[in-house]
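S.K.: The residues making up each chain are set out below.
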Amino acid sequence: MRLVYLVPLGLFAFFAGLAGYMLTQPKAQNVPSQMIEQPLPDFALEPALEGMPGAEREDFVGGEPRLLNIWASWCLPCIAEAPQLERLREEGVEIVGIAVRDRPEAVADFLQRYGNPYSRIGADDISSLMLEIGASGVPETYVIDADGNIRYQHIGDVRASDVPVLLEKLDEVR
Amino acid sequence: MITSPVARILKSWVLALAGIALLALAFPSQAQQAMPPAPYAYTQLEDPALEAEATALMETLRCLKCQSQSINDSDAPMAGDMRHQVRSRLLAGESPTEVRAWLVRRYGDYVSYQPEVSATTWPLFAIPLLLLAIVGLILLRRLGRTRSDREARP
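Those protein sequences? They're chains A and B, same order as listed.
Under our numbering, the first sequence has 153 at position 153, and the numbering climbs by one with no breaks.
Under our numbering, the second sequence has 306 at position 132, and the numbering climbs by one with no breaks.
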């Protein structure tokens, strides 16, 4: 038998092996934003609750770099990251909150329970800012430099080990 | 009236399970559905032609929360918000191509189910053509040979 007849069988074995290998690999769940190193799009969101200012693009221009934190009172990982955001605030970082599909009473209740690290909170009732900046879930945290450019994206809740990373990124873009 | 101990245990299990099921039902609905959906999340456009365009586009856009569904198929709140963007942008006069490009600029090719020829995907389009060409060549050679064999015979 000529060896060339084994080529299709060899190809089949290669692709079957490749498919089998890929099936054992964990699937990437996160969709990274393509808006990193892009200017923050123009937006203006109403306050998410009474007694606090809303958020707009101008709030990110001038002074020090800031964090933009996308969260919601209905989001469980947001409870887990609340103490870490508090730590960042204690380090002198300004955190602008964006409350996604949330009611003012629920926002107020969440802040009373888990603390309020935010300087202002905008209400994103229809995920419009989320879609503008390429966020695919809640919570996500972005580093915005003082010129209003998006410089870094953290997907998921901020854990204790992420706090130094975020502080370093804020320092880098200063 | 239930009296046997087995029946009593069974009954308490059923009650406990029902309680858990109720809790599971109560939490997400209380949480995410408290807010009314975006205006065009579940409302069709008045112009049937434009709505058909929107549906065709939404069938080829990927839900980011439920990554194996299109935003047309998904009931996730975020898919609703994406449908709102698609419909309101088409209504404002943007073309489906522009709306798709707007999303791809934010989420990359990942958000689109429509195959594009790009630096990484061109082999997918080239390989079938190459295989067809090879098959054609082989056939041509074989058929050509049999014919010439026949002609050579007395």
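Please keep in mind that the hints were generated in silico from the structure rather than gathered at the bench.
Note that the coordinates shown come from a computational prediction; the quantities given were computed from them, not determined experimentally.
Be aware that a few hints might be false.
[Unchecked claim] Derived Cβ-Cβ restraints for the label pairs, each shown as a range:
| no. | chain 1 | residue 1 | chain 2 | residue 2 | range |
| --- | --- | --- | --- | --- | --- |
| 1 | A | Pro26 | B | Thr320 | 39 to 47 Å |
| 2 | A | Arg87 | B | Asp247 | 36 to 44 Å |
| 3 | A | Leu167 | B | Ala230 | 43 to 51 Å |
| 4 | A | Glu58 | B | Pro302 | 35 to 43 Å |
| 5 | B | Ser292 | A | Gly156 | 50 to 58 Å |
[Stated by the list, open to error] Sample of chain B residues at the chain A side, in silico, Cβ under 7 Å:
| no. | residue |
| --- | --- |
| 6 | Glu227 |
| 7 | Leu238 |
| 8 | Ala250 |
| 9 | Pro251 |
| 10 | His258 |
| 11 | Gly282 |
| 12 | Tyr284 |
| 13 | Tyr287 |
| 14 | Thr294 |
| 15 | Ile301 |
| 16 | Arg319 |
Using N, Cα and C, we set each Cβ at its ideal position, and we do this for glycine too.
S.K.: With reference to the structure, classify each hint as holding or not holding.
M.R.: Now for the hints, and whether the structure bears them out:
{"no.": "1", "hint": "A/Pro26 x B/Thr320: 39 to 47 Å", "result": "violated, 54 Å"}
{"no.": "2", "hint": "A/Arg87 x B/Asp247: 36 to 44 Å", "result": "holds, 41 Å"}
{"no.": "3", "hint": "A/Leu167 x B/Ala230: 43 to 51 Å", "result": "holds, 47 Å"}
{"no.": "4", "hint": "A/Glu58 x B/Pro302: 35 to 43 Å", "result": "violated, 53 Å"}
{"no.": "5", "hint": "B/Ser292 x A/Gly156: 50 to 58 Å", "result": "violated, 29 Å"}
{"no.": "6", "hint": "Glu227", "result": "violated, 19 Å"}
{"no.": "7", "hint": "Leu238", "result": "holds, 4 Å"}
{"no.": "8", "hint": "Ala250", "result": "violated, 10 Å"}
{"no.": "9", "hint": "Pro251", "result": "holds, 6 Å"}
{"no.": "10", "hint": "His258", "result": "holds, 6 Å"}
{"no.": "11", "hint": "Gly282", "result": "holds, 5 Å"}
{"no.": "12", "hint": "Tyr284", "result": "holds, 5 Å"}
{"no.": "13", "hint": "Tyr287", "result": "violated, 14 Å"}
{"no.": "14", "hint": "Thr294", "result": "violated, 15 Å"}
{"no.": "15", "hint": "Ile301", "result": "violated, 12 Å"}
{"no.": "16", "hint": "Arg319", "result": "violated, 17 Å"}
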